[in-house]
Amino acid sequence: DDITTKMGYWVDLKEPYVTFENNYIESLWWLLKKLYNRNLLYESVSIQPYSPAAGTGLSSHELNQPGTYKDVKDTSATVLFKVKENEKNKFQNIEGNIFFMAWTTTPWTLPSNLGLTVGANIDYVLVKTFNPFAHQIIHVIIAKPLIGKYFKAEDENGDFENYQPENKINSWQIITQFKGSELEGIAYEQLLPFEANSTDNPNAFKILLGDFVTTEDGTGIVHTAPAFGADDFRVGKKYDIGILTMVDKRGKFLSGIKDGVFLYGDEYVKEAYLTDAEKETEFLKQKQILEANGKVKDLKKYLSVDDRIVLKLQEEGKLFKKEKYDHNYPHCWRTDKPILYYPLDAWFIKTTALKDRMVEQNKTINWKPKSTGEGRFGNWLENMVDWNLSRSRYWGTPLPVWKTEDGEEQICIGSITELEANIHPNSPVQNITDLHKPQVDEIILKSTSGKEMKRVSDLVDVWFDSGAMPYAQWHFPFENVQTFTENYPADFIAEGVDQTRGWFYTLHAIASLIKEDIIEELTNQGYDATIIEKVKGIAYKTVVSNGLVLDKNGNKMSKRLGNVVNPFDTIEKYGADATRWYLITNASPWDNLKFDIEGIKEVQRKFFGTLYNTYQFFVLYSNVDGFAFKENYIPLEQRPEIDRWILSSLNTLIKEVTASMNDYEPTNAGRLIENFVDEHLSNWYVRLCRRRFWKGEYEHDKICAYQTLYECVETIVRLIAPISPFFSDAIFQNLNKITQRFEANSVHHVLYPTHNETAIDKALEERMQLAQDTCSLVLSIRKKANIKVRQPLQKIMIPVLNPEMKLQLERVEDLIKSEVNVKELQYLTETEGIIKKKAKANFKILGAKLGANMKEAASLIASFNQQQIAEIEQKGAIEIAIENTSYTILQNDVEIIAEDIPGWSVASKGSLTVALDITITSELQSEGDAREFVNRVQNIRKENNFELTDRIFVQIEKNNVPEGIENSINQHKTYICGEILADSINWETNISHKIVEIEVNSVLLKIAVTKKG
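Mind the numbering: the sequence shown is residues 1338 to 2350 in the working numbering, read in order.
One or more of the hints may lead you astray.
[Said to hold, decoys possible] Within a straight-line C-alpha distance of at most 27 angstroms, the following computed BS3-like cross-link-like pairs (lysine-lysine) qualify:
#1 K2032 - K1659
#2 K1505 - K1489
#3 K2154 - K2348
#4 K1659 - K1419
Think of the hints as simulated: they come from the structure by calculation, not from any bench.
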């Protein structure tokens, strides 16, 4: 709860839903009863993922949780199954033994083998060769396309008479060929007969036909053990070959699988199931037996069951090849141990019965990103299997099914009331207090014929608990039905992308399966059609599948790598607001985020620092003037253009942020706000209006400025509240405490801002954007030329593309000149040819469009003359021809570069180009010196903590001051005094106290600044 509160995660901590409470379980039972009544809950034996370490079966979605498939190295074996003597006549006159050759990566399943499966239409060949371990001539059957995996082409039809094992040349020869269908029914000898795996089933140990056999790997002949594979189980059932389950639920061989040398019975079939101590004990036992029997000389490490089965097969002449095999193998998400595929008597939900509905309903859900819903989740739905609901654990929701001992009668309970109504008089439990084990297992029910019924032992998959939360959290349908209808389906959910196989799936599956039952229940309870029509078989309208948080280099965070960032420490050090803002604005929620602490620092400084400084600026001056928004709201038309512009931009921002939020695009919303605060509010409006706040009387213009800036700051903190809950609330409360514009005293208790369409003036915004872009280009030139903004320059030249552009620039001309400190702004037409431009192809964009023609297109673009460049700037496009084919080149397909001209520096952005006269005359230098002097004195005022309204006296020691500097200050004395609030500036021969050294135009001046009075 502590981190939940500190991070601003707004959930109901006082009334959480708890899945182990009776009310929650009762709702789950109601859902299961409805599924049972519609024959969607059934019992069956099938091969299921099973975790011996956890002691329970697993569902397909559990098996697809992140990290469940791990890279492992197992022993694989190509095994020889000997054709029975009485079957050899089905082949040509072959002397010696014939073997079917089958490949397996699970040798531990070989004692449970009951068949070999081939593909009916696959070509197989009978090959004469040598057993590479026994060095005897044998005949093997293998799929023809896979010969190359076992035999070298150069060894075909080799010298069988002079075979030498040490030469490692295994000669081979194809004797005959046949289709797989011709092999059906041929019998072979049991590979590994033991005391425990004998069978008298006449259908066992024969060749079967199956549609799952491929020639992608192995031999084209599949070792078939119905107990340990779904395909094996299916084909085994078809041919009625029975089932041999030679491994128990602990993951151990039955005690009868032993030969005293290689296998000892009651052994774990997977090495990973053993503890280190158990492995050491087993190793010492192996070493003693295997060495004593001459099977190994000096055993150095534990040999797995697979390794020892392979050794046994090798000794018996039944092995053709062995090797280590790297592959992906599923593990239990709870225990991190390998799973087995195991025959389980389990309860299933028949999800496949409503697959089409689930697929169609998924198309109505707003997925962010869309590709996850259509791809990852859509593909999962298309390939779903029935939901294995049973779990063999102690803790969880009990499956509410009771059966008679003879299995002839059973009942599924859907409520506590129904449970109580069916309790048998002999039941030791008569009063229901807890629906968990062991209490629930002590309840005996009475069947319709009067027999005792006991509950089946199964528990319910925990993912059913989570998928049922839309209903069970409200104890639906037993109470809170109105609340349920108001919240179903959910407007929005979010979780990791891995939940496409987890929570997203179980929510969707249950909602689809239970649709008719929800409608029926609401109808029975008297709800009208407007409520009922909301039930469409979906649990959520929009879903955001969150990406992963990686380290700054794009690697997964892990304790082993030492790159884990502790969220507790991060929030403690940098605050929840900066952390949240960084996470949201750095990358879209569904994209992986490369987490870098430096990014949070940047957010603190650039966004929150800028916004707070803007707020502080407002507070500083509003406190001086006593502004509390008590005056009547001044209509927009009565405010200066700069105010109308920022409020127009603010309302455009509200409109765009709201649209982004409604489209579940918080990253875009956050970035829009960042840009507004930095580019428009702080670096433009506040900077241009600074003088309005600290100069003059408290009258109309100043009140306009206060009302405008207040509205901007207050609106911004309301806009950022969902992402930055603490910072926004602190600022909001401080503002509202003075103005009392809202009755609520929290930003989270007021409505989200709505835009005023009449306040939006797009022409004004475009005009001001043109001014900002122009100023940005001029300032970039100044920076490049190392000329400070305080230094006035003479002229800017701007080529105008059309009369409208000129008109727009003229309306902001004074603003531009003031902002970049130039005297003149001259407009040019392209035909004057003063500024030269060249075009360059944007390879990244054009390459995808033009492909092989890219090189010639780039050459044509580079040769554009000034008229062609003007055309693409004015019209936004131009046509070019390559090999008699016309292509349209758009403006963003090319980069237009302006060339400097003597005495000027040129810069461009899109179709806007500016040329700045960088020549500094003596008059310009003099004015620049005066501005530098003002800047230095203002810094002294700040360092001495003078009040904004304090008047001062300034003394300058004139010894050794160059005449140019002295003339500059004297010439602009009136301007200087007005800026620094000085009553006088006096030149002195000697200053005796409070001397401060300042630098103006590389000249050191000694001055004294004294507060008046």
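Verification of the hints:
For a cut-off of 27 angstroms, the pair hint linking K2032 to K1659 is broken: about 91 angstroms separates their Cα positions. Only pairs whose Cα atoms come within 27 angstroms are accepted, and K1505 paired with K1489 is accepted, the gap being roughly 11 angstroms. Proposed proximity of K2154 and K2348 is contradicted: the alpha carbons are some 34 angstroms apart, above 27 angstroms. Under the criterion of a C-alpha separation no larger than 27 angstroms, the hint pairing K1659 with K1419 is consistent with the structure, at around 18 angstroms.
Hint check: violations occur at hints 1, 3; the rest are consistent with the structure.
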